[in-house]
Each structure stands twice: as structure tokens, then as C-alpha cells.
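> Given these sequences and hints, build the entire structure.
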Amino acid sequence: MNSTLIRQLESLSLNLDSSSEEILQIWKNLPYHQKTPNNQLLVKALLDPYYKSMLKYYPDLEQLLPSGFFDDQLEPGIFSFKEDFFCTPIYKILHRYQQIQHHDKPYLVLLNTGSYSPIHLGHLQMMELAYKNLSKKYHILGGYFSPSHDAYVSTKYNGTASYHSDARIDLCEHFIFQHPYLHVDPWESRYNDRPINFTNVILRFKKIFQQYFPFPIHIAYVFGSDNAFFTRAFMEQDLAVCFERPGYELQYQQMKKDPLVHPDKHYFIDKKNNIYSSKLIREGSTHFLSEKIQSLYFQFKNDQFPIYNSFYLIRDDSTYCSSIFSCNQEQIQSFKESLKKFFIQAFQPYISMHIVFLNIEKQNQFLNSSYFSHKNILNADLWTHHPQEIKLQLTRLFYLSDGQISSQQLIPRLGSDSLKEQLSSIHHHPLTFVDDDIASGKTLEMIQNILPKHITIQEVVSLSQYSFYEELHQEQSYQFHDIVDVRDFLVGSLEGGLTVELPNGDIGKAPYVWPYVSLSHRVKIPHISQKEFSLNIWKMNKTFFDSFSFPLTIQNTYIGFQKFATSLGFSMNMTMSDFCQFHIDSIESS
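Per the working numbering, the sequence shown runs over residues 2 to 591.
Treat the hints loosely; a few may be bogus.
What the hints assert, rightly or not - With a cut-off of at most 27 Å between alpha-carbon atoms, the simulated DSS-like pairs for lysine-lysine come out as follows: (1) Lys-207 / Lys-93; (2) Lys-342 / Lys-525; (3) Lys-138 / Lys-272; (4) Lys-133 / Lys-93; (5) Lys-133 / Lys-342; (6) Lys-157 / Lys-532; (7) Lys-443 / Lys-293; (8) Lys-454 / Lys-443; (9) Lys-93 / Lys-293; (10) Lys-564 / Lys-208; (11) Lys-280 / Lys-137; (12) Lys-363 / Lys-392; (13) Lys-266 / Lys-138; (14) Lys-93 / Lys-564; (15) Lys-392 / Lys-443; (16) Lys-376 / Lys-266; (17) Lys-106 / Lys-207; (18) Lys-443 / Lys-421; (19) Lys-363 / Lys-57; (20) Lys-133 / Lys-106; (21) Lys-376 / Lys-421; (22) Lys-302 / Lys-525; (23) Lys-302 / Lys-280; (24) Lys-207 / Lys-266; (25) Lys-272 / Lys-57; (26) Lys-258 / Lys-137; (27) Lys-454 / Lys-376; (28) Lys-57 / Lys-207; (29) Lys-443 / Lys-525; (30) Lys-138 / Lys-29; (31) Lys-341 / Lys-363; (32) Lys-36 / Lys-57; (33) Lys-302 / Lys-532.
The hints are simulated quantities; they were obtained by calculation from the structure and are not laboratory data.
Right, dumping it as C-alpha cells:
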């Protein structure tokens, strides 16, 4: 062992077999003059199981930095993994496990970390080649791209790689949308207040997977040969997969020929067509990008965000959705005013956004007007009713804490008949299809695909379009940036939130806010405003629940929210004020 390292360990009364408890206790009692940067670096490395193992084989502190480790400047032992803060999508991992019939191999998840400024085809190539090389020995449940923290990315290439983390996350989510096994994990870049070691990303995955699997999940860390010496972090735990990259052949060969590498733990994949580079893309080689990412990359560049119109529509279902809480009109009005204010603030850097509340009572009056008296109405709207309608109680299904770019499945609303049973009641046609809005047309398209072939839709009516003209006296064309409902921002409200599949396989409702719902794709909030917007929504809800004379608990909320909250480990007896405060604290500490 390196004599310098031996002396340093001895001066601290430590050795490479010291437990984490012993290390922390010694550091806590260490005299101030001994808490030097070099001693803190050693202690932090010893607390990291990957680098503690590395030091046994490469006993030299100077090897830590080239092997990927740095001091994050936190006091030893206080780093929080926030594993109870559900911001990491996991549904593809769970689905693939359920599909495995022969449990004859160990289980593994791929991980790649990086700036992704921007993400490109080379990143995908690495993950898919790693999958191919490792699938002979492992059941590969999936893989993750983990974008790095802004404070790290801003230092790369003299700052030219700097690109807002939420924009980089957005690009990554579009890039892997509908990929069969790849996820994007936003935790590293979005929910930490500083750059972190990649091994902390691995350790957090371990903690998460422990909650869902009764057996260990191996992690294969996938990286390029510019970081070839990261291989040393995997001497005893998990796997390293190093890809040869142009310009870094020397490091690649040096590590590949290292006598300490083991073929069952350290994989080296020689250069094939790995000519892709984020740096080259920033310099103009955009053909390395997929067509979709190329368009978004230039839209998001320099903190820009596509604004489609200066009107933002909010369907005012506050009276209906808040009825579960028995609140008064003053509480509802205060909530709506705050919601309007926070939407305006979110767009302030780009545009003076006009928030228009759409009146549901007027929509219901319109639906019951003489215009509809002789029509065969197929009504997919939640709150409006017509005495002769056929009501469709359905909703689009998404996945929790995912990119949620688009839904691919319609399901019945909670407590409703199956879609087959609902559709069997349709006998008269042609139909007039009524819904709250036909913004993208996706829901209508999905409904038409499941209707019996002999049933036709002759007319489509958007209730929100009617309200828009009513509110603005037909002075504007029906164009807007986006449309949402009040209920989706009132946590735990009746029918409020996005319909999501939960980790336990059940269906629940998640509020439209970080970390559960994508503000980029479900609410179209600019990247630079999403953190502040999320904090404002959680604080607004806490104020709402604090305004009651008695504490409301999760047990007092809508069943869909109860399923959501309890599936994540929250108690039914937890107050809603405390539930909101938990999320405020989790986001503020990032």
C-alpha cells in the first residue's frame, strides 16, 4: 500500500476495513485542525463503498479524481439520497420483470450519466450495445440516462455545454419516448443542490430497487473511454462497461490491459461506428441528432421555450372538485387567485400570459340548449350532463414521474364500468361527440379506435371552445398555449390529478406538480420556471389546507389520491399540510 495513504489512515485511526459508523464517529470527534481538505477527501472516499474498494486495489488518493471521485464539499455523512421522494420512473423495469418467465439469471439495470448537451444517437448506441453484450449472462430489466447537474455541465468546454437541466431532461425524454426499456432519471440534475458523484446515483438506485424487489439488482455503469479509469470503481461491486471513443484510445487500452480487471465485471467494447459527440453537435454536426431532437434542441437553446399563444385556459371546476373538502367560497376563490398568479409568473420571462377561467356552469347550460335536443350525444366530459346522453367515463393512462409525452391507453375512470361495457350501451348513431376540449385530438382518436365499426361520429363539440368565445365575446380565434383544470392542482381533490399507473400496479391520481407530473409535457411550463412553479403549487396547497379549522388527512381525500399516496408509503393519517410540507422541503433542498 502507498506509504502516504498508510500514514494518513493511521493518523486518523482508520483502516480500509473500518465501518461507516466507525469512520463517521472518528470524523465527528476529530480535532478541527485535522479536518483538512485531504482528510475530508479520504473520509468521503471511505464512506463510498465503490471507492473504498478501489483504494484496496489502487491505494493512492491521487487516483480518486481520474477514477471519477470528487469531494462534493458536504459534511461527511449528511448526503441525502431522497429515496422516499418518488422522482425516478420505474414502470418499464417493473413491467419487464413481470414478463420474465424463467428466473435463471441474475438481474441487472444499465446506467449512463452525462451532460447530454444534447443527447444523441451515440448515447443510445452505447446502451443498446451494452444490453446486447450483457444479456447473455443477465436478465436486463432496463436502463437509465441520468443527466448531470447544471453546476457541472456549465464547467465543460468553457461553458459551451451549458444547457438548462430541465431542457436537457426534456430532450432526453423525447429521445427515449416509447423505447422498450430505457428511462430518464431527473434526480441527479433536478433534485440536488450541487454536482454529485456518479456512485451516489448508483447507490440511490440500489435503495429504490430494494423497495420493489426481494433480491439484489446489479448495476452496469456504461461510459466512454474518456472516463476509462472509472472502471476502477467497480473492483468488488457491480459492473463497468467501457466503450472506446475516438481520441481516447490510450486510456482505453491502458485500462483494458490492467492486470486487475476481471472479464466478468469489466467489459470493454472496441470502437465500431462510435463517431458521435455532443461537442461536435454544438459545433454544427446536427446530423448526429434524431429529427425530433434536432428541432427541440434549437427551440430550447439559450433557455428558450416554445410559447404557442398568449392565452392560457383553466377550466374552472373548483366548486365540483373541492366539494370533497367541504370548504367555503372564500377558500376556493383564494386558491384560484393564487393559481392564476403563479401561472402568470411562470411565463413572465417570455410573455405576458392571459389566464382565462372557463365557466363549467355555462358549458352545462350550452349542452342542455335546444341545439342538442335531437342529437345522439356521446359525452366524455366529467362534469357536464344531458338527460339523453351516453356518458363515457374514461381517462388517458400515464406513468408516474415519467416524461408523460403522450398516453397510449384509455382506461375507465376509477369506479366506472369497463370500456367494453360502456361502449355496449351505444345503439343510436351518428353521434355528436362532446368533450371538455379537443386540444390535441388524441383522446378522440383513441375513442374512435375502440368504437364498434358500425358506430360513426358525425359531429365533435368542444365545450371549452364555446366557453372561450363566451368569455372573450368572440374577439379571438380559438387558439391558446394550453388548457388545464383547477382540480389537477388542488391536491387530493375529487377526480383531481393525472391518472397514473402506480408502482404496485394499481391506478391512482397524481397532482400536476413535481416530482410526479411532467410540467414540460402536461402543463407546458417553461423549463426555467418549473421549480418555482412547483414550489408555489405545493405552498398554495399547504395554505389551503391550513385554512381549515381542523386538520384534513389523506383519509379525507379522493380515493384516487389515497391510492397514489399510500402506494408511495405515506400514511392515511398524515395531514395534508404535512404532505405538502414534505414536498416543499424536498424541492427546496435541491
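> Give a verdict on every hint.
Each hint tested on the structure:
no. : hint              : verdict
1   : Lys-207 / Lys-93  : 16 Å, holds
2   : Lys-342 / Lys-525 : 16 Å, holds
3   : Lys-138 / Lys-272 : 22 Å, holds
4   : Lys-133 / Lys-93  : 18 Å, holds
5   : Lys-133 / Lys-342 : 51 Å, violated
6   : Lys-157 / Lys-532 : 24 Å, holds
7   : Lys-443 / Lys-293 : 19 Å, holds
8   : Lys-454 / Lys-443 : 19 Å, holds
9   : Lys-93 / Lys-293  : 22 Å, holds
10  : Lys-564 / Lys-208 : 22 Å, holds
11  : Lys-280 / Lys-137 : 34 Å, violated
12  : Lys-363 / Lys-392 : 19 Å, holds
13  : Lys-266 / Lys-138 : 11 Å, holds
14  : Lys-93 / Lys-564  : 20 Å, holds
15  : Lys-392 / Lys-443 : 19 Å, holds
16  : Lys-376 / Lys-266 : 68 Å, violated
17  : Lys-106 / Lys-207 : 18 Å, holds
18  : Lys-443 / Lys-421 : 19 Å, holds
19  : Lys-363 / Lys-57  : 73 Å, violated
20  : Lys-133 / Lys-106 : 15 Å, holds
21  : Lys-376 / Lys-421 : 23 Å, holds
22  : Lys-302 / Lys-525 : 16 Å, holds
23  : Lys-302 / Lys-280 : 15 Å, holds
24  : Lys-207 / Lys-266 : 18 Å, holds
25  : Lys-272 / Lys-57  : 31 Å, violated
26  : Lys-258 / Lys-137 : 24 Å, holds
27  : Lys-454 / Lys-376 : 20 Å, holds
28  : Lys-57 / Lys-207  : 23 Å, holds
29  : Lys-443 / Lys-525 : 17 Å, holds
30  : Lys-138 / Lys-29  : 44 Å, violated
31  : Lys-341 / Lys-363 : 20 Å, holds
32  : Lys-36 / Lys-57   : 23 Å, holds
33  : Lys-302 / Lys-532 : 19 Å, holds
Figure legend: structure checked against the earlier numbered hints; hints not met, in rising order: 5, 11, 16, 19, 25, 30.
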